[in-house]
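Novice: Spelled out, the chains give:
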Amino acid sequence: MIRVVLPYPLRELAGIGGELMITPEGRATLRSVLDAIETSYPMLRGTIRDHVTCKRRPLVRFFACGEDLSLQSSDDLLPGPVRDGQEPLLIIGAIAGG
Amino acid sequence: MSGIRLLVGTRKGAFILRADGLRKRWSVSGPHFAGWEIYHLKGSPLDPDRLYASQTSNWFGQVIQRSDDGGRSWSPPGGRPEQGGGESNRFVYAGEVGTHLWYDGTQRPWEFKRVWHLEPSLTDPDVLYAGTEDAAIFRSGDGGGSWQELPGLRAAKGHLWQPGAGGMAVHTILQDPRHPERLFVAISAAGVFRSDDAGTTWKPVNRGLVSRVELPDPLAEVGHCVHRIALHPSRPEVLFMQKHWDVMRSDNAGESWREVSGDLPSDFGFPIAVHAHEPDTVYVVPIKSDSEHYPVDGRLRVYRSRSGGDEWEALTRGLPQRNCYVNVLREAMAVDSLDPCGIYFGTTGGQVYASADGGDSWSAIARHLPAVLSVEVQVI
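Protein chains in written order, with this note's numbering: chain A, 1 to 98; chain B, 99 to 478.
The hints are simulated quantities; they were obtained by calculation from the structure and are not laboratory data. Mixed in with the good hints, there may be bad ones.
[As the list claims (entries may be wrong)] Pair ranges (Cβ atoms, derived): (1) Leu77/A x Ala253/B: 20 to 26 Å; (2) Asp315/B x Leu71/A: 42 to 48 Å; (3) Val52/A x Thr221/B: 30 to 36 Å; (4) Ser387/B x Ser70/A: 41 to 47 Å; (5) Glu353/B x Ser73/A: 54 to 60 Å; (6) Ala192/B x Leu71/A: 28 to 34 Å; (7) Ala192/B x Asp75/A: 27 to 33 Å; (8) Gly101/B x Ala94/A: 57 to 63 Å.
Note that the Cβ used here is the ideal one computed from N, Cα and C, for glycine as well.
Can you make the complete structure from the sequences, with help from the hints?
Specialist: So, in structure tokens, the structure goes:
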């Protein structure tokens with residue numbers, strides 16, 4: 001079970017109160033976690049990553065265990081503490097806009 | 099007694115203002131979609147409780163919202179898992195993406211950014227059109243649940259279109275009530291385009307538009323910075339236009355245009371609207387210039403022509419007449435169908451003004467909203 005924290009605007013959009021608990025199919029990667037989120041909450045398709053290319057939107061970032069995972073391959077395994085449910089995967093809106 | 103519902107899109111959410119037919123006391127609900135830019139909301143003319151909203155964000159992209167109860171509750175159409183959804187947010191250009199003109203003269207691929215305008219069909223409650231940035235028109239046949247581009251628009255010399263300062267967007271979509279297969283769109287900075295076959299094919303209709311500096315070729319078919327067009331339903335072949343500079347009129351569905359700026363203090367501006375019952379009564383809000391986006395002399399004045407242009411009168415009663423430096427954006431003016439006709443507009447300073455007497459007098463019905471992007475009105 002993967003814990004995921006979405007940014008407030010997306011929690012509001014999807015009607016999610018707190019953390020998400022996600023069980024991805026297969027290996028626990030960014031791709032499989034996002035696939036699982038979008039399956040359960042289709043209104044979030046296109047808001048975190050592009051509908052067609054599945055590339056991360058430029059002003060969305062992924063963090064976990066004090067590390068920025070935004071630039072790593074979406075097929076890399078998530079850090080162990082995230083896979084174990086000890087630490088959440090944080091999806092945040094980048095600081096931008098002045 | 100009829101009621102009025104005003105749909106206000108702002109930089110930080112949507113607001114719905116309601117009043118009875120007297121239009122004196124207003125309630126405000128919102129913000130809906132707090133924190134998101136709401137470029138446009140509009141109700142179906144066939145089912146007024148069905149509303150659509152374009153919710154957008156530089157961070158999280160485009161979301162389409164729909165209400166079936168007059169704005170009390172909203173959800174993305176087809177957004178629930180059992181609906182297999184997520185398609186309502188998906189705007190993908192058809193076929194080869196193609197390129198358009200960029201500021202430096204090079205060609206640049208089309209890139210979807212947001213929906214500026216939503217236009218529900220006059221003939222089918224499940225059909226609506228979306229005008230997007232980068233400029234294109236999309237159609238939904240399932241109440242906003244999914245979208246398909248009408249690519250014939252970009253085939254109308256799209257490689258010569260280029261962005262204006264605000265982007266390159268389809269910001270106006272009009273459907274001819276007498277000939278519903280006829281559609282008009284306006285694009286900054288490309289011009290006006292007309293389809294006579296429900297959006298399959300399009301042609302530029304910009305003859306007579308002049309932009310001597312930016313577009314020296316007087317016969318240029320595209321490249322014109324049209325800010326807004328409007329028509330009266332009883333006379334849809336007559337179009338009025340607020341161009342970057344110049345207020346224009348066409349009496350033949352856009353085949354040719356002539357200037358009707360007349361005695362306006364400035365012919366720069368963004369919105370233009372036509373009175374609900376008088377097809378020759380037109381409203382504009384003159385703005386000082388393209389570099390100074392505020393009213394001339396710091397006086398917020400709506401100008402009304404009762405002669406279809408050329409002769410204009412200032413409407414000032416109830417509007418600030420000193421130290422006013424707000425703008426009124428292209429989507430931010432609307433008229434209701436009551437008699438006398440109501441006129442409404444919102445400002446970048448967050449005020450919404452209303453007139454219940456055709457523009458003779460005005461009052462602020464909201465004063466401190468975020469910058470207003472769009473105003474639409476419904477009589478319910």
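Novice: Within 54 to 60 Å or not, the Cβ separation of glutamate 353/B and serine 73/A?
Specialist: holds (56 Å)
Novice: Given the hint of 57 to 63 Å, is the C-beta distance from glycine 101/B to alanine 94/A inside that range or not?
Specialist: violated (43 Å)
Novice: Does the Cβ pair aspartate 315/B, leucine 71/A satisfy 42 to 48 Å?
Specialist: holds (47 Å)
Novice: Just to be sure I understand the hint, the distance between the Cβ atoms of serine 387/B and serine 70/A should be within 41 to 47 Å; is that true here?
Specialist: holds (42 Å)
Novice: Cβ-Cβ distance between leucine 77/A and alanine 253/B: within 20 to 26 Å?
Specialist: violated (46 Å)
Novice: Holds or violated: 30 to 36 Å for the Cβ distance of valine 52/A and threonine 221/B?
Specialist: Distance hint for valine 52/A, threonine 221/B holds at roughly 31 Å.
Novice: Quick check: does the Cβ-Cβ distance between alanine 192/B and aspartate 75/A fall within 27 to 33 Å?
Specialist: holds (30 Å)
Novice: Taking 28 to 34 Å as the hint, is the beta-carbon distance of alanine 192/B and leucine 71/A inside that range?
Specialist: holds (32 Å)
Hint compliance for this structure: hints 1, 8 are not met, and every other hint is.
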